[in-house]
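K.L.:
Below are the chains, spelled out letter by letter.
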Amino acid sequence: MVHSSIPLFWRLRKAKYRLEGTKCRKCKSVFFPPRSFCSRCRRKGEIECFPFSGKGTIISYTIIRTPPEGFEKQSPYAVAIVKLDEGAQISGQVIGDLKEVETGKRVSAVFRKMYEDGPQGVINYGLKFALTG
Amino acid sequence: MTRVAVIGAGCTKLDEHWDKSLRDLSTEAGVLALKDAGLEGKDIQALYIGNMSAGRFIGQEHLAALTVDHAGLTPIPATRCEAACASGALAFRKACMAIKSGEYDIVVAAGAEKMTDIKGTSAISTLMGAGDQEWESAVGLTFVGLYALMTNAYMREFGLTREELALVPVKNHKHGLNNPYAQFNKEITVQDVLNSPLIADPLRLLDCSPITDGAAAVILASERAARKFDNPVWVLGSGQASDTLALHSRASLTEMLAARVASRKAYEQAGLGPDKIDVAEVHDCFSIAEVLAYEDLGFANKGEARKLLINNETAIGGRIPVNTDGGLKLGHPVGATGIKQIIEIVKQLRGRAVTQVKDAKTGLTHNVGGSGATALVHIFGSE
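Chains as they are written, first to last, in the working numbering: chain H, 1 to 133; chain D, 134 to 516.
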């Protein structure tokens, strides 16, 4: 089972639902997933909130056919590493026809159900990617 | 600072040990290592044990204490080391450093994992604990998925074909054919690999290491203590490095920076380069990992690992035989793997390996944690 809890999802809601990352005002590095400490400027860095557009390009992908717990119903599904237009890279599922998923294709983030924590658990939502051309 | 040598080694069979618990396996490996060294338990001054996830695999934490307890070694200090699949080599490195510090003369470095007490999908999720829980596991990635992302990137960048990649498990299965400790003793063909089920495209079942129970232990000694033993195998270099936890945060998907840095440090300490290595055990958890290792360790230039495979240069009889015991494809009890690799190199340098490399004098081990966030490289010599 993916480690998940209501406090965890509440804590990460801005990043998970709105793709809010961070940026260092000093060196202009952007971070997604968000970092609260600039790894380049270290203590001299000035971290601020930085919303990403959700648009990006697939730099590699795979089709998961042996899923972990919680993802059994979705299998097979595509997961890609997406280079966001603003500069950071993130892993995410790509929805739609599996045969269409390719390196180099453009994608855009969309809000979707991620997985269920069993029959009684919370339904976890988050961002996936849709092919845009 | 004293030099450090391996003076004893022992390993359980890598298998689905339904009749043995983790404590049985680690005790068995430890006793075999002591017997090999000709030592008694009372001679051991400290223990370091590598283990990835006993907490999730069997619900047991505080593993180091359990291990010395069941081995009858209390009250010596015992420490658990964790770096996912590199936990074994990490325990080894910590044991070396403990001896180099002057604190001890004889120390055990062990590794153990019990993976088959939980069902397969739970094991997949547990292994994924080595990745980024919030940003990789949460989107449904698996470990084979992460290595598949590297495979696709590598094939695209360097033109490696699916058939060429299959040469990795074909070679390793052949090497391990007579290995009595291996989980499988079966020769396979490129066609077998290509016909095996897809797990995470383009990686197939026979590209993947199995779920395995097992334990391995080595006895380390300071130079003054080691001189009294037959066939000490000397630790010539030890390197460890780190990278981002998540694969997606790396600048390149086609190399492991941590392995490059760790190997550079190990070569520097040993005072020799990759051309002087006679035999190597590399972390081939998935076929692409061995390809990347050739380049990260300097056995091949970037993008040219395929040439080693095509020309059989990493097979027995080749320029630099790799994974002579069959590698991780023939058993990968994650926390034990790093020590198991060292044991194969120790056997090679003592001239007692099942698949022996002729006149092997120097050997290397490469143990990777997660998708490359931790890497450890050790270099060994018979002199």
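No wet-lab data here; the hints were simulated from the structure.
Among these hints, one or two may not hold up.
Listed next, the in silico BS3-like pairs over lysine-lysine satisfying Cα-Cα at most 27 Å (straight line) [to be verified]:
(1) D/K409 x D/K319
(2) H/K105 x H/K73
(3) H/K113 x D/K252
(4) H/K105 x D/K398
(5) D/K491 x D/K227
(6) H/K55 x H/K44
(7) D/K409 x D/K398
(8) H/K44 x H/K99
(9) D/K233 x D/K175
(10) D/K440 x D/K361
(11) H/K83 x D/K435
(12) D/K252 x H/K73
Computed footprint of chain D on chain H, listed as stretches where at least three residues anywhere in the stretch have a Cβ under 8 Å from a Cβ of chain D [said to hold, decoys possible]:
(13) 58-65
(14) 68-79
(15) 91-103
For each residue, glycine too, the CB sits at the ideal point set by N, CA and C.
K.L.:
Looking at the structure, which of the earlier hints fail to hold?
P.N.:
1, 4, 5, 6, 8, 10
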